[in-house]
Each structure stands twice: as structure tokens, then as C-alpha cells.
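Participant: Now for the letters of each chain:
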Amino acid sequence: GAVVSQHPSWVICKSGTSVKIECRSLDFQATTMFWYRQFPKQSLMLMATSNEGSKATYEQGVEKDKFLINHASLTLSTLTVTSAHPEDSSFYICSARDRRLGTDTQYFGPGTRLTVL
Amino acid sequence: QKEVEQNSGPLSVPEGAIASLNCTYSDRGSQSFFWYRQYSGKSPELIMFIYSNGDKEDGRFTAQLNKASQYVSLLIRDSQPSDSATYLCAVSSGGGADGLTFGKGTHLIIQP
Numbered sequence: 004g005a006v007v008s009q010h011p012s013w014v015i016c017k018s019g020t021s022v023k024i025e026c027r028s029l030d031f032q033a034t035t036m037f038w039y040r041q042f043p044k045q046s047l048m049l050m051a052t053s054n055e056g057s058k059a060t061y062e063q064g065v066e067k068d069k070f071l072i073n074h075a076s077l078t079l080s081t082l083t084v085t086s087a088h089p090e091d092s093s094f095y096i097c098s099a100r101d102r103r104l105g106t107d108t109q110y111f112g113p114g115t116r117l118t119v120l
Numbered sequence: 005q006k007e008v009e010q011n012s013g014p015l016s017v018p019e020g021a022i023a024s025l026n027c028t029y030s031d032r033g034s035q036s037f038f039w040y041r042q043y044s045g046k047s048p049e050l051i052m053f054i055y056s057n058g059d060k061e062d063g064r065f066t067a068q069l070n071k072a073s074q075y076v077s078l079l080i081r082d083s084q085p086s087d088s089a090t091y092l093c094a095v096s097s098g099g100g101a102d103g104l105t106f107g108k109g110t111h112l113i114i115q116p
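Protein sequences, first through last, are from chains A and B.
Residue numbers for the first sequence follow our numbering, beginning at 4 and rising by one.
Residue numbers for the second sequence follow our numbering, beginning at 5 and rising by one.
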């Protein structure tokens, strides 16, 4: 399989601050990365699709000015949660599209657990 | 709105038996189907993907797809306690180019 990393693995911040989460594909190039969010006892919900060199596409109900996404290279996408509030506390997981070997699948990073106080 | 339905369980299966997990989806335009395993507090791990009707086998795992019935299943043979986890069914309309729509997952418990 493919290896995707995320940093940090967990973060605690004060309400009103901004938090940046990095997602990296370590052994392949990913023109497309995705950001998901998972609340306790819930399934993963797609937040946005990140394409290298272009603006991200956000799902309905996700505020693009609050969740800033940058995909500046083929191996790195970042998600910045701006002016975080307690309701933004969640498990944020990125995935990267892998098109090698004739397949087209998504591999997930280990996730970032965000707690906003 | 695209929906993916799974029985939340828990589904309890004796060690060594076959575990059968089911999933239905609402979008007939769905083209790619995935099964992920998620342990508590961890991110999903890809188990299998299937694109065409029929069965696809990989080791102890078999995925089955019936597009006419909008139904996907995962069979786990010779179930092991380490298979105990939540299994997420996910579908995509455009292969890897589109984000995945996930079901809520089935909690599987393999009893030693």
C-alpha cells in the first residue's frame, strides 16, 4: 500500500486560534488529496477535495474561509482551521489518491485529533 | 443526496467462522466501492476495492458487488480476534477522483 503521514497527530488549542494540519504522501505523488472529519461515533464526512496547483473544492456546508486548504506540491496538502471553536473539535483525516499500478484508490493518513478549549 | 447504509451492529462471530458484512448505496452512478477497517481511535485502513459486478478475493477477504441491487458485501473467512474492528463501506462516483461517501460502519466482534 501507500504511505500517508499527518502532522501533528494531536493538538490542543485555545478558542480563537488557528491550527495548521499537514498531510504528506511519502512514497508516491498525489495530485489529489481529500480532507475528512469524523466526530465521535460518527462516520467520516468529506470536507473538501484538494488538487495540486488549484483551489480546493468544498462540500456543501463546509466554510471555505474557515477551513483553508493549500495543495502546493504533489506530496503536501495543508488544512488550516482558522479561529477554531470548541465545535471544531474533531478527528481530521486526510487521504491521498494513488493511481499507481492501474488502481485508483485513496489511502488515509493516521489522522489529527483536534481539541479546542 | 448520496447515502451508504450499513448495519451498525455489533456483529458477533465466533473465531474461525465467516463474517459477512453488508452495505447498500443509493447513487446508481457509483462506480467504485471500497471496504476500510477502522480500529478505535485510528484512521481507516484500506482492505479491498471492487469496481465490477461479481466477486473479488484477496486472501481471507472476498468483496461482492451487485450494481443492479446496489449492494456490496465483504466476507471474512477464518475470522480472527484481530479482525475485531469497525468496517466502513465507501463508494465513489468517479473512481479516485472523487471523495468517498462512507457508511456509518459495522462493528464486528470476533469471539475467541
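If you are wondering where the hints come from, they were derived from the structure by calculation, not from laboratory data.
What you are looking at is a predicted structure, and each value in this text was computed from that prediction instead of being measured.
The beta carbon of each residue, even a glycine, is placed where N, CA and C say it ideally should be.
A few of these clues could be false.
Cβ pair distances, simulated, as ranges [what the hints assert, rightly or not]:
| # | chain 1 | residue 1 | chain 2 | residue 2 | range |
| --- | --- | --- | --- | --- | --- |
| 1 | A | 69 | B | 86 | 36 to 44 Å |
| 2 | A | 23 | B | 98 | 41 to 49 Å |
| 3 | A | 113 | B | 13 | 23 to 31 Å |
| 4 | B | 19 | A | 90 | 26 to 34 Å |
Derived DSSO-like pairs (lysine-lysine); straight-line CA-CA distance at most 30 Å [what the hints assert, rightly or not]:
| # | chain 1 | residue 1 | chain 2 | residue 2 |
| --- | --- | --- | --- | --- |
| 5 | A | 67 | A | 23 |
| 6 | B | 6 | A | 58 |
| 7 | B | 46 | A | 67 |
| 8 | A | 17 | B | 46 |
| 9 | A | 44 | B | 71 |
Participant: State the violated hints by number, sorted upward, taking the hints as numbered earlier in the document.
Facilitator: Hints 2, 4 not satisfied by this model.
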